[in-house]
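Peer 1: Residue numbers (this note's numbering), protein chains in the order written: chain A, 15 to 344; chain B, 72 to 259.
Among the hints, erroneous ones may be present.
Stated by the list, open to error - Below, simulated SDA-like cross-link-like pairs (lysine to any residue); rule was C-alpha separation at most 25 Å, straight line:
1. B:235 - B:135
2. A:104 - A:89
3. A:57 - B:194
4. B:235 - B:90
5. B:235 - B:177
6. A:57 - B:235
7. A:57 - B:135
8. A:57 - B:142
9. A:57 - B:205
Stated by the list, open to error - Part of the chain B face toward chain A, derived, beta carbon under 10 Å:
10. 92
11. 134
12. 138
13. 203
These aren't lab readings, by the way, just hints derived from the structure by calculation. All residues carry an ideal CB built from backbone N, CA and C; glycine is no exception.
Chain residues, written in single-letter form:
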Amino acid sequence: MASARPVPSRHLLGIDGMSRDDLEEILDLTDTFAEVGRRTIPKVPALRGRTVASLFFENSTRTRLSFETAARRLSADTMIFTSGSSSLSKGESLRDTVEVIGSYGADAIVVRHAMAGTAHRLAGWTDAAVINAGDGCHEHPTQALLDCYTLREARGGLDGMRIGIVGDIRHSRVARSNVLAFTLLGAEVLLIAPPTLLPPSTEGWPVTVTHDLDASLPDLDACYLLRLQRERISEGLIPSIREYAADFGLDARRASRLPDDALILHPGPTNLGVELTSEVAADHRSLILDQVANGVSLRMAVLFLLLGSGRELVPDGVRDELPDEEAPGP
Amino acid sequence: MAKRERSQTPPFGGLFVAHARIMTADDMGRAIRRMAHEVIERNQGLEDVVVVGLQTGGVPVAERLVDALEDIEGISTPLGSLDVALYRDDIGLRPVVPEAVTDLPSDIDGRIIVLVDDVLFTGRTIRAALDAVCDYGRPRSVQLAVVVDRGHRELPIRPDYVGKNLPTRRDEVVDVHAAGVDLGMMQK
Numbered sequence: 015m016a017s018a019r020p021v022p023s024r025h026l027l028g029i030d031g032m033s034r035d036d037l038e039e040i041l042d043l044t045d046t047f048a049e050v051g052r053r054t055i056p057k058v059p060a061l062r063g064r065t066v067a068s069l070f071f072e073n074s075t076r077t078r079l080s081f082e083t084a085a086r087r088l089s090a091d092t093m094i095f096t097s098g099s100s101s102l103s104k105g106e107s108l109r110d111t112v113e114v115i116g117s118y119g120a121d122a123i124v125v126r127h128a129m130a131g132t133a134h135r136l137a138g139w140t141d142a143a144v145i146n147a148g149d150g151c152h153e154h155p156t157q158a159l160l161d162c163y164t165l166r167e168a169r170g171g172l173d174g175m176r177i178g179i180v181g182d183i184r185h186s187r188v189a190r191s192n193v194l195a196f197t198l199l200g201a202e203v204l205l206i207a208p209p210t211l212l213p214p215s216t217e218g219w220p221v222t223v224t225h226d227l228d229a230s231l232p233d234l235d236a237c238y239l240l241r242l243q244r245e246r247i248s249e250g251l252i253p254s255i256r257e258y259a260a261d262f263g264l265d266a267r268r269a270s271r272l273p274d275d276a277l278i279l280h281p282g283p284t285n286l287g288v289e290l291t292s293e294v295a296a297d298h299r300s301l302i303l304d305q306v307a308n309g310v311s312l313r314m315a316v317l318f319l320l321l322g323s324g325r326e327l328v329p330d331g332v333r334d335e336l337p338d339e340e341a342p343g344p
Numbered sequence: 072m073a074k075r076e077r078s079q080t081p082p083f084g085g086l087f088v089a090h091a092r093i094m095t096a097d098d099m100g101r102a103i104r105r106m107a108h109e110v111i112e113r114n115q116g117l118e119d120v121v122v123v124g125l126q127t128g129g130v131p132v133a134e135r136l137v138d139a140l141e142d143i144e145g146i147s148t149p150l151g152s153l154d155v156a157l158y159r160d161d162i163g164l165r166p167v168v169p170e171a172v173t174d175l176p177s178d179i180d181g182r183i184i185v186l187v188d189d190v191l192f193t194g195r196t197i198r199a200a201l202d203a204v205c206d207y208g209r210p211r212s213v214q215l216a217v218v219v220d221r222g223h224r225e226l227p228i229r230p231d232y233v234g235k236n237l238p239t240r241r242d243e244v245v246d247v248h249a250a251g252v253d254l255g256m257m258q259k
């Protein structure tokens, strides 16, 4: 791993703007933290004294809990903010909230918000490292990274893989981040969705678009199912849930059309019986549980890179006063 | 030697220029063999002994020590590796990125751990290694073997087996590699 090259930003706002090397560095580091997770005492002192604040304006189980678990496994303190129980209801602005959290000493702020661009906005308001845990329909970078890690673990690498992303692409931040991450790592991405659930334009995206799931299945190396975001679908974009499930749900019959070594992924939470059936979720090709488990290791790697690696924390003048350590050399 | 460590030594990423060969490859081979005898003598054999190399410089030395032990006693000693990056006390002061695997034999409770590193300097790496080892279990004892002890300790840490005691200036750099040990400086 090249250690001299700094990560270009002290925030993680999106996959957009990252390079293949950036992604691979995070994935390589994730191996280290997966090892920590397998220990009897899955905890290291790397971020002792640091504070990670979670700022969730939207509901979340996996992302919030895995960030908290990741922070605790690194011995960081955690501060949890949920919109329901805060002074937001008294009219406090987002900026006030962030300033309060900053003044309590947060070193990193993990933020999820229904509005696209929230994380970028926060990054300009605070000295803390900002990690985007989902902003509206825009990006969800740590989900994409953990999906790449899961695929890499299963296949050794994404180069040349054909990955189909199926379902509600229009409302999916996961799809946006994953299209970018998968293609950066050398995979070919196919978007499979009804026209109404595609974004208004996919021009400029490095993808192929199709509306026919059945015809696409035999050629896929991995089938990535998206959650039908019922909370964001208001304008009758699909005739009915049942009809959607009939055309785009992965049931046992459809799963049998996938190659025997194809992989099935879903970011969760799953609507069983809609995007996939419980039978398919438990299929031997399903990586859904691996995705959940890898979420903690991946988020440990991200927190460590932003808070613990010291990459950008040392001004040059200070460095020269540090004692050198054992055994360097050419 | 490790890119990581080179990038961490002033002037950070500079070029190592040797001005003296301290040990030749033969000297180092003999020193490692002597240390192997000492390990066996001190522990009255190799029962329960586990050799653990510290990433990254200690790993090749640990491999050679295990070879020497096998050569003398005819027993293959369990070998592990340990990366202490996550246990360092200077995280945030300089770039620290784990790059190498920790791979310890499954159960270290009650075992005798021989930590192996190439150079002993401030002692901070060993302090971190002791913390790391204790997270994996409760060894009966922990011993320390190094090729070069160059002084300048900042913590009360002392090696059990030393290849060579080498008085150095603080700004000098000791490089242990397959062909021997060099003393030199980093230049911009």
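Peer 1: Give a verdict on every hint.
Peer 2: Quick rundown of the hints versus the structure:
{"no.": "1", "hint": "B:235 - B:135", "verdict": "holds, 16 Å"}
{"no.": "2", "hint": "A:104 - A:89", "verdict": "violated, 33 Å"}
{"no.": "3", "hint": "A:57 - B:194", "verdict": "holds, 23 Å"}
{"no.": "4", "hint": "B:235 - B:90", "verdict": "holds, 18 Å"}
{"no.": "5", "hint": "B:235 - B:177", "verdict": "violated, 32 Å"}
{"no.": "6", "hint": "A:57 - B:235", "verdict": "violated, 36 Å"}
{"no.": "7", "hint": "A:57 - B:135", "verdict": "violated, 31 Å"}
{"no.": "8", "hint": "A:57 - B:142", "verdict": "violated, 38 Å"}
{"no.": "9", "hint": "A:57 - B:205", "verdict": "holds, 12 Å"}
{"no.": "10", "hint": "92", "verdict": "violated, 13 Å"}
{"no.": "11", "hint": "134", "verdict": "violated, 16 Å"}
{"no.": "12", "hint": "138", "verdict": "violated, 20 Å"}
{"no.": "13", "hint": "203", "verdict": "holds, 8 Å"}
Going down the numbered hints, you'll see the structure goes against 2, 5, 6, 7, 8, 10, 11 and 12, while the others check out.
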